[in-house]
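Assemble the whole structure, with the sequences as input and the hints as a guide.
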Amino acid sequence: MKATDMRGMSVEGLRKYILDGRQEMMNLRFQRANLVLNNTARMRQLKKEIARAKTIINEKKLSGEAA
Numbered sequence: 172m173k174a175t176d177m178r179g180m181s182v183e184g185l186r187k188y189i190l191d192g193r194q195e196m197m198n199l200r201f202q203r204a205n206l207v208l209n210n211t212a213r214m215r216q217l218k219k220e221i222a223r224a225k226t227i228i229n230e231k232k233l234s235g236e237a238a
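Under our numbering, the letters of the sequence shown match residues 172 to 238, in that order.
Hint data in this document are derived by calculation from the structure and do not stem from the laboratory.
For glycine and all other residues, C-beta sits at the position ideal for the given N, C-alpha and C.
Don't take every hint at face value.
[What the hints assert, rightly or not] Listed next, with one range per pair, are the computed distances between beta-carbon atoms:
id, residue 1, residue 2, range
1, Arg203, Ser234, 32 to 40 angstroms
2, Gly235, Met196, 27 to 35 angstroms
3, Asn205, Thr226, 30 to 38 angstroms
4, Asn205, Glu236, 19 to 27 angstroms
5, Glu183, Lys219, 17 to 25 angstroms
6, Arg213, Gly235, 32 to 40 angstroms
[To be verified] Heads up, simulated BS3-like pairs for lysine-lysine below, C-alpha to C-alpha not over 25 angstroms straight-line:
id, residue 1, residue 2
7, Lys173, Lys218
8, Lys187, Lys232
9, Lys218, Lys187
10, Lys173, Lys219
11, Lys225, Lys187
12, Lys231, Lys187
13, Lys173, Lys232
14, Lys187, Lys173
15, Lys231, Lys218
16, Lys187, Lys219
17, Lys219, Lys231
18, Lys232, Lys219
19, Lys173, Lys225
20, Lys218, Lys232
21, Lys173, Lys231
Here it is, written out as structure tokens:
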């Protein structure tokens, strides 16, 4: 997901996105450990998306939008 799309989401939506991303990351780690993972680039992409969402939450918190 692009940062512009994330900026349009609510803080709660971003938090849910982060939780879902962490769950997917855990599943990808298990797949990698079992030598089943085909798309290793997805792990790096997901890690960056989670960081991007956290950054946007922090931006919203600093600007006073967060509840």
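Taking the hints in turn, this is what the structure says about them:
For the pair Arg203 and Ser234, the supplied restraint of 32 to 40 angstroms holds, since their beta-carbon distance comes to about 38 angstroms. Distance hint check for Gly235 and Met196: the Cβ-Cβ separation is about 30 angstroms, which falls inside the suggested range of 27 to 35 angstroms. Between Asn205 and Thr226, the C-beta spacing of about 32 angstroms keeps the proposed range 30 to 38 angstroms intact. The given range of 19 to 27 angstroms is broken by Asn205 and Glu236, whose C-beta atoms sit roughly 42 angstroms from each other.
At roughly 22 angstroms, the beta carbons of Glu183 and Lys219 sit within the given window of 17 to 25 angstroms. In this structure, Arg213 and Gly235 meet the distance hint of 32 to 40 angstroms, their C-beta atoms being roughly 35 angstroms apart. Of the supplied pair hints, the one linking Lys173 and Lys218 holds, its CA atoms being roughly 13 angstroms apart against a limit of 25 angstroms. Pair hint Lys187 plus Lys232 holds up; C-alpha atoms about 16 angstroms apart against a cutoff of 25 angstroms.
With a C-alpha separation of about 15 angstroms, the suggested pair Lys218 and Lys187 falls inside the 25 angstroms cut-off, and the hint holds. At roughly 11 angstroms between alpha-carbon atoms, Lys173 and Lys219 fall within 25 angstroms of each other, so this suggested pair holds. For the suggested pair Lys225 and Lys187, the alpha carbons sit about 11 angstroms apart, so the restraint of at most 25 angstroms is met. With a C-alpha separation of about 16 angstroms, the suggested pairing of Lys231 with Lys187 holds against the 25 angstroms cut-off.
Taken as a hint, the Lys173 and Lys232 pair is honoured in the structure, with Cα atoms around 20 angstroms apart against an allowance of 25 angstroms. With a CA separation close to 16 angstroms, the supplied pair Lys187 and Lys173 stays within the 25 angstroms bound. For the given pair, Lys231 sits about 20 angstroms from Lys218 by alpha-carbon distance, which is consistent with the 25 angstroms threshold. Distance check on the hinted pair: Lys187 and Lys219 sit about 16 angstroms apart at the alpha-carbon level, within 25 angstroms; holds.
A hinted pair counts as satisfied when its Cα atoms are at most 25 angstroms apart, and Lys219 with Lys231 qualifies at roughly 18 angstroms. Taken as a hint, the Lys232 and Lys219 pair is honoured in the structure, with Cα atoms around 20 angstroms apart against an allowance of 25 angstroms. The suggested pairing of Lys173 with Lys225 holds, with an alpha-carbon distance near 13 angstroms, which does not exceed 25 angstroms. Distance check on the hinted pair: Lys218 and Lys232 sit about 21 angstroms apart at the alpha-carbon level, within 25 angstroms; holds.
Distance hint between Lys173 and Lys231 is fulfilled; the C-alpha atoms sit about 16 angstroms from each other, no more than 25 angstroms.
Hint 4 from the list above is the single one not met by this structure.
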